[in-house]
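Trainee: Turn these sequences into a full structure, and let the hints steer you where they fit.
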Amino acid sequence: MSDNLVLEAKSVSKFFGTITALQNVDLHLNKGEVLGVVGDNGAGKSTLMKVLSGLYKPSEGSLFFDKEKVTLNSPRDSQNLGLEMVYQDLALAGNLPIGDNIFLGREPTRKVGPFNFLDHKKRKQLTEEHLAKLKINVKSADQKVEELSGGQRQAVAIARATAFNAKIVLMDEPTAALAVKEVGKVLDLILNLKKLGVSVIVISHRMDDIFTVCDRVMALFQGTNFAESELKNTSRDEVIGWIMGKKD
Amino acid sequence: MDHGEKRLMDKNQETLFVRLIPFFERYGILLLILIMIAVLHLLQPDVFLSWRNVTNIFKQVSWQSMLALGVFMVIVTAGIDLSVGSIIMLSLMGLAIASKAGMPWYVVMLVAPAIGFLCGMFNGIGITLLRMPHPFIMTLGTLYIFRGIGNLISGGVPITGFAEQIRVIGNGKIKLDAFFGEGAREYIPTSLILMIVIFFIFWVFLNHTRIGKWIYAIGGNPGAARAAGINVDRILIVVYTLCGFLAGIGGLILAGRTNSAYPNAGLQSELDAIAAVIIGGASFFGGRGTVLGVFAGVMIMGILRNGLNLMNVSVFWQQVLIGSIIILAVYIDVLRRQLATRT
Numbered sequence: 001m002s003d004n005l006v007l008e009a010k011s012v013s014k015f016f017g018t019i020t021a022l023q024n025v026d027l028h029l030n031k032g033e034v035l036g037v038v039g040d041n042g043a044g045k046s047t048l049m050k051v052l053s054g055l056y057k058p059s060e061g062s063l064f065f066d067k068e069k070v071t072l073n074s075p076r077d078s079q080n081l082g083l084e085m086v087y088q089d090l091a092l093a094g095n096l097p098i099g100d101n102i103f104l105g106r107e108p109t110r111k112v113g114p115f116n117f118l119d120h121k122k123r124k125q126l127t128e129e130h131l132a133k134l135k136i137n138v139k140s141a142d143q144k145v146e147e148l149s150g151g152q153r154q155a156v157a158i159a160r161a162t163a164f165n166a167k168i169v170l171m172d173e174p175t176a177a178l179a180v181k182e183v184g185k186v187l188d189l190i191l192n193l194k195k196l197g198v199s200v201i202v203i204s205h206r207m208d209d210i211f212t213v214c215d216r217v218m219a220l221f222q223g224t225n226f227a228e229s230e231l232k233n234t235s236r237d238e239v240i241g242w243i244m245g246k247k248d
Numbered sequence: 001m002d003h004g005e006k007r008l009m010d011k012n013q014e015t016l017f018v019r020l021i022p023f024f025e026r027y028g029i030l031l032l033i034l035i036m037i038a039v040l041h042l043l044q045p046d047v048f049l050s051w052r053n054v055t056n057i058f059k060q061v062s063w064q065s066m067l068a069l070g071v072f073m074v075i076v077t078a079g080i081d082l083s084v085g086s087i088i089m090l091s092l093m094g095l096a097i098a099s100k101a102g103m104p105w106y107v108v109m110l111v112a113p114a115i116g117f118l119c120g121m122f123n124g125i126g127i128t129l130l131r132m133p134h135p136f137i138m139t140l141g142t143l144y145i146f147r148g149i150g151n152l153i154s155g156g157v158p159i160t161g162f163a164e165q166i167r168v169i170g171n172g173k174i175k176l177d178a179f180f181g182e183g184a185r186e187y188i189p190t191s192l193i194l195m196i197v198i199f200f201i202f203w204v205f206l207n208h209t210r211i212g213k214w215i216y217a218i219g220g221n222p223g224a225a226r227a228a229g230i231n232v233d234r235i236l237i238v239v240y241t242l243c244g245f246l247a248g249i250g251g252l253i254l255a256g257r258t259n260s261a262y263p264n265a266g267l268q269s270e271l272d273a274i275a276a277v278i279i280g281g282a283s284f285f286g287g288r289g290t291v292l293g294v295f296a297g298v299m300i301m302g303i304l305r306n307g308l309n310l311m312n313v314s315v316f317w318q319q320v321l322i323g324s325i326i327i328l329a330v331y332i333d334v335l336r337r338q339l340a341t342r343t
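Protein sequence lines correspond, in order, to chains A and B. Take the first sequence: its letter number 109 is residue 109 in my numbering, and every next letter is one higher. Take the second sequence: its letter number 310 is residue 310 in my numbering, and every next letter is one higher.
Simulated from the structure, these hints should not be mistaken for laboratory data. Computed from a prediction, not measured in an experiment: that's the story for all the values here. Positions of the beta carbon are idealized from the N, C-alpha and C atoms, including for glycine. Keep in mind that the hints are not guaranteed to be accurate.
Only part of the chain A face toward chain B is listed, based on derived beta-carbon distances under 10 Å [as the list claims (entries may be wrong)]:
no., residue
1, Glu60
2, Leu96
3, Phe117
Calculated Cβ distances over 12 Å to all of chain B for the following chain A residues [to be verified]:
no., residue
4, Asn30
5, Tyr56
6, Asn137
7, Lys167
8, Glu173
9, Ala177
10, Gly184
11, Met244
12, Lys246
Not close to chain B: a few residues of chain A, all C-beta gaps over 10 Å, as computed [stated by the list, open to error]:
no., residue
13, Ser13
14, Thr18
15, Thr20
16, Gly42
17, Ser62
18, Val70
19, Glu107
20, Lys133
21, Ala176
22, Leu178
23, Phe211
24, Ala227
25, Leu231
26, Gly241
Mentor: Structure follows, in structure tokens:
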């Protein structure tokens, strides 16, 4: 198990003034593993994700990427190490087509004399290849994001996060804003990532999500590690109990 | 079930109409121009489409189109620039003073765009670094400041008489003797060529470069642009600087056209520029609009003014009409958007 370790947090604490958001939290993630993180509101899930992605600096404790200790100063640093975050508000520009969103800020270009021009053909081709790889179905890569359904937008956000060979993807409530029939598609997408060898951390309130895609689930309670188990060794009722701070 | 079938039928009846929507979205405005031309030609068959009148329209819109193009880019970022009319006046005055000081024509020619560039950069820095709550406020301030400085440096009086090389830009004629025979009166205005070249350059910039793409992204969702690692403040400074620069070019064209710098130059032309951009289909909320649309918007304003002048319609009625067209154009856009989301 430890041979496959891609990400580890050791006794991470985060204080905001007098408030303790996280206290000595441990987390580890293996290659191709889907880890579910559950907990009540204010349990510290989002804070932990922000520490992992480099948006917050931990007050105490350390992070290891591929078993090497790292210090993250910004989300750019974690991106360079192969970690991408899918934001809850999706961070997409609705007026731009799917391909433009996926490659925003990292557009393929071609040189003409001294100038760099956008390579529309290459962007389109890379977009189509990437969408096909993730088995995401849309009418066209040129469709504007604002014309897509919530589930398709979530898929584009995930496609954006994984377009540059991300090894680890963090998702904060990926199904929260979706219609019931679209949830399944996003969950399939997560399983697809797993098949491609990507490690995923999913924060979710929905037991259906957790029990469909995760290999392992960990519960935070009031900013501390509360419980953790392989999915096959636990049950929905037990995990719901953990969220409420109950353990047998 | 019954309800669903009915909706399906409605949909079928709509197909042709719905299929035409993207066509109108792209070319509807050009259609409008053609209709305007046809109507004016019928009303004024001898005058409206004469070479003299057509070139006159182009000469008139050439300097205004520079303002509209700059303001367009700003509006794409969901911003606004109210100061372009004052920038054109200040750059015109700067040019006139440089000319009066006896500087060589090629220096005089650079003065106007350079002043516009600096004014625009001042706007951009104010909006981003000073964290002004909205570009409206910063550029409303500079609307007064730039015109005030223009009057301070010129003493508030017109300055006339520029070098021939300056005049060529706004008033030059490219003779067409080769097509129409020796001594023909037909010609193409230099300012038209300049306008086409600049519009083409900015079309390439906005559609085929990364910064152009980022300008649209910022207008669509600045948060997404930031999350994508785009330095939004830097791009905004570039946009406002280019807007000022284009206003400076407008000042240069106007200098050539009128052969004088006058205190009222460009007065209220920022509103004409905004009107042209909106008529051209750009969204005031950012992220939407095309360079071709801006060109069309500018032409509609120009043709309308020209046509109404030919018909001896009073300036007051012209104001009423232009205002109505702005509201109508945006209302059509609202209807179109409603249709597009109903499918």
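Trainee: None of the hints should be skipped; say for each whether it holds.
Mentor: Right, here's what the structure says about each hint:
About 28 Å separates the beta-carbon of Glu60/A from the nearest beta-carbon of chain B, more than 10 Å, and the hint is not met. A hinted interface residue such as Leu96/A counts as satisfied when its beta carbon comes closer than 10 Å to some beta carbon of chain B; here the least separation is about 6 Å, so the hint holds. Because the beta carbon of Phe117/A sits about 5 Å from the nearest beta carbon in chain B, less than 10 Å, this interface hint is met. With a least CB separation of 27 Å from chain B, Asn30/A remains clear of the 12 Å interface cut-off, as annotated.
Here Tyr56/A stays apart from chain B, with its beta-carbon at least about 16 Å from theirs, past the 12 Å limit. Look at Asn137/A: its CB is around 18 Å from the nearest CB on chain B, clear of 12 Å, so calling it non-interface holds up. The Cβ of Lys167/A lies farther than 12 Å from every Cβ of chain B, with a closest approach of about 19 Å, so its non-interface assignment holds. Residue placement check: Glu173/A keeps its beta carbon more than 12 Å from all beta carbons of chain B (closest about 17 Å).
With a minimum CB-CB distance of about 16 Å to chain B, Ala177/A clears the 12 Å threshold, and the non-interface call stands. With 12 Å as the threshold on Cβ separation, the claim that Gly184/A sits away from chain B holds: the shortest Cβ distance comes to roughly 23 Å. Residue placement check: Met244/A keeps its beta carbon more than 12 Å from all beta carbons of chain B (closest about 34 Å). With a least CB separation of 38 Å from chain B, Lys246/A remains clear of the 12 Å interface cut-off, as annotated.
With a cut of 10 Å on Cβ distances, Ser13/A stays outside the contact zone with chain B, its closest approach being about 27 Å. Non-interface status of Thr18/A relative to chain B is upheld: no Cβ of that chain comes within 10 Å, the nearest being about 30 Å off. For Thr20/A, the requirement that its beta carbon stay farther than 10 Å from each beta carbon of chain B is met, with the minimum near 28 Å. Every beta carbon of chain B lies more than 10 Å from that of Gly42/A, the smallest distance being close to 24 Å; the non-interface claim holds.
Every C-beta of chain B lies more than 10 Å from that of Ser62/A, the closest at about 26 Å, which supports listing it as non-interface. The Cβ of Val70/A sits about 19 Å from the closest Cβ of chain B, beyond the 10 Å cut-off, so the non-interface label holds. With a least CB separation of 5 Å from chain B, Glu107/A falls inside the 10 Å interface cut-off, contrary to its annotation. Distance to chain B confirms Lys133/A as a non-interface residue, since its nearest Cβ pair spans about 21 Å, more than 10 Å.
Separation of Ala176/A from chain B is adequate, the least Cβ-Cβ distance of about 18 Å exceeding the 10 Å criterion. Every CB of chain B is more than 10 Å from the CB of Leu178/A (nearest about 19 Å), matching its label as outside the interface. The claim that Phe211/A lies off the interface holds: its Cβ sits roughly 30 Å from the closest Cβ of chain B, which is beyond the 10 Å cut-off. Here Ala227/A stays apart from chain B, with its beta-carbon at least about 33 Å from theirs, past the 10 Å limit.
The beta carbon of Leu231/A sits about 31 Å from the closest Cβ of chain B, which is more than 10 Å, so the claim that it is off the interface holds. Taking the minimum C-beta to C-beta distance to chain B, about 36 Å, the non-interface status of Gly241/A holds against the 10 Å cut.
The structure is inconsistent with the numbered hints 1 and 19, although it conforms to all the rest.
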